[in-house]
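Participant: For the record, the sequence lines run as chains Z and S. When we follow my numbering, the leftmost residue of the first sequence carries the number 38, and every step to the right adds one. When we follow my numbering, the leftmost residue of the second sequence carries the number 38, and every step to the right adds one.
Please keep in mind that the hints were generated in silico from the structure rather than gathered at the bench. There's no promise every hint is true.
[As the list claims (entries may be wrong)] Simulated coverage check for chain Z against chain S, where a stretch passes if three residues somewhere in it have a Cβ under 8 angstroms from a Cβ of chain S:
id : region
1  : 58 to 70
2  : 141 to 153
3  : 248 to 260
4  : 409 to 416
5  : 486 to 493
6  : 642 to 654
7  : 662 to 670
Don't be surprised by glycine CBs; every beta carbon is placed ideally from N, CA and C.
2 protein chains.
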Amino acid sequence: MTNETQMANAIRALAMDAVQAANSGHPGAPMGLADVATVLFNRFMKIDPTADKWADRDRFVMSAGHGSMLVYAINHLLGYDDMDMNQIRNFRQMGFRTAGHPEYGHAKGIETTTGPLGQGISTAVGMALAERMQNARFGDDLVDHYTYVIAGDGCLMEGISHEAIDFAGNMGLGRLIVMWDDNSITIDGKTDLSTSTDQPKRFEAAGWHVQSVDGHDKDAIAAAIEAARKVSDKPSMIACKTIIGYGAPNKQGTSATHGAPLGDDEIALTREALGWPHAPFEIPPKVYDDWHAIAARGKAARLDWDKRLSASGKADEFNATLAGPDKAALDAAINAYKHRLSQDAPKVATRKASQMALEVINATLPNTVGGSADLTGSNLTKTEGMEPVSKGNYGGSYIYYGVREHGMAAAMNGLSLHGGFLPYGGTFLAFADYCRGAIRLSALMGLPVPYVMTHDSIGLGEDGPTHQPVETVASLRAMPNTNVFRPADVVETAEAWQIAIESESTPSVLALSRQGLPCLRTSHTDTNMVAKGAYVLRDTAGERDVTLIATGSEVEIAMKAADQLAAEGIRAAVVSAPCFELFAEQDADYRAEVLGTAPRVGVEAAIEQSWGKLLGDNSAFVGMTGFGASAPADELYEHFGITADAVAKAAKNLL
Amino acid sequence: MTNETQMANAIRALAMDAVQAANSGHPGAPMGLADVATVLFNRFMKIDPTADKWADRDRFVMSAGHGSMLVYAINHLLGYDDMDMNQIRNFRQMGFRTAGHPEYGHAKGIETTTGPLGQGISTAVGMALAERMQNARFGDDLVDHYTYVIAGDGCLMEGISHEAIDFAGNMGLGRLIVMWDDNSITIDGKTDLSTSTDQPKRFEAAGWHVQSVDGHDKDAIAAAIEAARKVSDKPSMIACKTIIGYGAPNKQGTSATHGAPLGDDEIALTREALGWPHAPFEIPPKVYDDWHAIAARGKAARLDWDKRLSASGKADEFNATLAGPDKAALDAAINAYKHRLSQDAPKVATRKASQMALEVINATLPNTVGGSADLTGSNLTKTEGMEPVSKGNYGGSYIYYGVREHGMAAAMNGLSLHGGFLPYGGTFLAFADYCRGAIRLSALMGLPVPYVMTHDSIGLGEDGPTHQPVETVASLRAMPNTNVFRPADVVETAEAWQIAIESESTPSVLALSRQGLPCLRTSHTDTNMVAKGAYVLRDTAGERDVTLIATGSEVEIAMKAADQLAAEGIRAAVVSAPCFELFAEQDADYRAEVLGTAPRVGVEAAIEQSWGKLLGDNSAFVGMTGFGASAPADELYEHFGITADAVAKAAKNLL
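With the rest of the complex left out, here is chain Z (with noise of 0.2 angstroms):
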């Protein structure tokens, strides 16, 4: 018979010593929902230590990612084989697995990086719509988990919260879980300072399920998930009543838990407290065997699960959706794709543009699934034949996220996470600021998550500044692990969505024009002329007398530029230049050749902030130095000096 309430000891003492050690963490929150865990994971996880990626593994999602010393207790009581007590005993030091917050990537059984609050729980919700789509496309033979999470009060107060739980009511989300700590304590004291909310009642206007249960009452947790996971139709949230840094007899229920050590005498009171003798990362054996039955029995089901996909006839094909895109194949598409558009050369925003590529590639491929916030006609994300998914109905791939970027990015992050599709999700490029923490998290994390965001620059019109990107591509490409697309042509856009679909661990953001343009790349390469980042679109007979590189719309102002030059005996070559990142990682021969010697002129209706590497001493630019104004485009163009006649004299300028 197991010991449950020695098994939920055993994460206590982890966590308070390990953050002792460290002398810095969060015991509050693993402590006080060690109770809660313990039954969860004891009578209920399905997991594989020794095969942690296995598909159809129940997902835990610590969102309150403070709380990390939870997690990492967990996977080492388990026994997963990168979690020994060395790494408990280095908690949040250099070189080990066990950071301050738990990080994707960073050691087995950690489904998503989680820290900044309300991500976990909204990533959750795109792992769990993934389990109800792969579930409508193999069945429930091989598919069939749940996603679980634990958020506190802080996830719950965060917008993002908001926009996940309406969207998982709405979509019907039964198999998802959420336990919230409700321990009635934040970091700066109780929460009533800050909030009042009737939190369960706040779940079922969102059409959850909803309980309250005593968070240290392990039968009543117990059947509270039961009974959670009996409702198929709607997502459950329980409240489980909890003490922050249960067990410390002088400091539990208070903030001074949250985020501190708990000093080495508390620590001795609360080991009587707990009646847990052993010394600091010293675990019974009859600890380590309860623990151990868990990972036993989820062993067994992922082998019973093996047979099964073995017998099922569908084997190859679960297995290559797991796999990534089939880039033979998009390679090909793509290439008699771009061979059309040479020899069409249409004239079509890069929106439209980035549509028809899609169009290309979901015919391709069998797992991506679209996207929009409430943009749909405007991102053009949707394609022929894509169904809506909604509840009850998850055969589809087109998910209506609603006006709700930041949940939208996070769910991406979700189904990117669980595995088995590929989803990209479209809204304006300015409101890349409602949803750039999950954007992060994709970076972070190493999601290749593609944003399609139109409406890029000024060209937008008449909508004006509030919806007019200026700094917005800027402060994109400052974020590390991006690539941030800006083609100038149709031909430009093909390639960039094949790069964005076959990265394996780069989130692209596509910034795309709402205003049409002219195809520029008119010879066809099989060469993606993107993925070195910039390249001389337009060469000089002789040596150039000035380089103009220019990205997106503004390429057929560089062009045109270099037609007004021409006829002044200037030789200007045109440098497109779609991709700041994977320019920069090109090797410094081409860099150089690209570049040249010569004066060089930026144009990008944008600020100049992230030119630097691609402009030097002696170069110009000409783009916005503030925001934008509401007017139609072409006079918004005229209005700001991002003209033709405006770079040809910036560049003669130079000379």
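Using the hints, position chain S against chain Z.
Facilitator: This is chain S only, laid out in the frame that chain Z set:
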């Protein structure tokens, strides 16, 4: 007797005709909301178009900012002198006040910029809070106004609305009345595509008073507003069931009316259906008369109020709070404080230095309002004697915003727009991403809100990469009209605060260290050196061999590197560059003098992107190239090579 039906039809006609003339815009919302808005203005609003900044006016916020023509039509009909028919005819055109979305400062009677959904309702929460706080200070005779909001489905789907609604409920803002335009339509189609939330129940869960009415039944609307005004301890939400595009016989009730002109044929049919035979942009005198009566009533109320203010004995004090900070007093206090600092030379984290500066500022100025998004003890935003603001107790000056960065930023915009207060608020710098949408509106509207953003680099240590800003400073420097300060020591922090508080139309971000930093400015200057943006902190005896430019916590490292170089006979000047934006505003001679002609090394524990203008071709940069890690701060600086040794080496490589 007023004819409210025709008053409302005037709004509808102006909206559909202006959108048609612009061939761009959103007729659906103004047409659907015309009855609600007419009743609100005709029976309740207290405004004087001849005194648009009257302190005790009711505030009206059109949160669904795409329905801007509702605002312009009303303000035209009321007789605002800057909103003649020529403005309406030139909706969305260059040089006119009638921008695509309502832009604060472009025309009278626009209380805040809206368009990015959810911002209006969240900013209004700040306005309503300011009203109660001002009332607590000056009494019912002088402060007795309401804040009315019209919010759409999109506003209520956005995460920020959750933060604002919960906060308003907890604060018990009885003077806040939100009318929800419940038209069941979003851009993508019917709202049930993406949401099934029971909004009334959701608002009730957050502690609001809730009613539901037919949004075309004028007496029912009036009764609901009347009832809402009578509830003094809870904010009110009135769900107004409306028909989008009301009056357009073939298009009303569909997303076709949302964001596109109705077309000439449908407009003709709408005229017929509404009984509005007048030509485009023609308003019958009786309708003007009815609207002008609202203005006259408001003017009379304002004249009465003027008398009460004069008689109150508080006029000077009241007006002083509206006039901005007392710069002379502040300057004297800050200089006395700087004198002490230069002598004492305390080594403190700049977050602590910020608190020390705030002690001086809050003791000098009566109307600063501090706060933090649940990080009071980390951001150090609370000073001696600050009492919390809470429901029914609005006399305090410190706000526990909860874990709601976006809601906090929007509320600060509202506090600033309302007048009478100087709000500032804190969070971790990494979570600037969570409130960027509202920071952008601070910048676009020119609101001098200071953002206190601590834990500004890998120097925060063990919390790891989710909490370590590496791209955040660059991403904020990218934003137009935003001063980003990264002070190096306790003196620079005081100077940065003085600029932030005295700013009239630019928000400030103070990026502050977690870790202690030595005092580098040990010789007192009355001159505010931070106001120059960058300055020579350590000069060389002879000609410079190299210039080291650093910000914030890295100035100390640059100083050590200069010592090392000096020991090797290399003359290195050190430039402290706490504010790139202010440096860019200096004249060319000063900038050239500071930067010098020697090779340059930039040092910042962040990515290089924003350094383009400070470094030249012959330069190097010592900083971050990707995300951080979880470990003690000192080890991280070593690990990422941001050390005096590395700076000295980089300098020597350039010689």
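Participant: All hints, please: hold or fail.
Facilitator: Now for the hints, and whether the structure bears them out:
1. Note: the region 58 to 70 of chain Z has 3 residues with beta-carbon separation from chain S under 8 angstroms; the three-residue rule is met and the coverage holds.
2. Coverage of the region 141 to 153 of chain Z by chain S holds [criterion: at least 3 residues with CB-CB distance below 8 angstroms; count 4].
3. Coverage of the region 248 to 260 of chain Z by chain S is violated in this model, with 0 residues showing a Cβ closer than 8 angstroms to a Cβ of that chain against a need of three.
4. Residues of the region 409 to 416 of chain Z lying with their CB closer than 8 angstroms to a CB of chain S number 6, which satisfies the three-residue condition for coverage.
5. Beta-carbon proximity to chain S at under 8 angstroms applies to 0 residues in the region 486 to 493 of chain Z; the threshold of 3 is not reached and the given coverage is violated.
6. Counting residues of the region 642 to 654 of chain Z whose C-beta sits closer than 8 angstroms to any C-beta of chain S gives 10, which meets the bar of three, so the coverage hint holds.
7. Counting residues of the region 662 to 670 of chain Z whose C-beta sits closer than 8 angstroms to any C-beta of chain S gives 7, which meets the bar of three, so the coverage hint holds.
When each numbered hint is compared with the structure, violations occur for hints 3 and 5.
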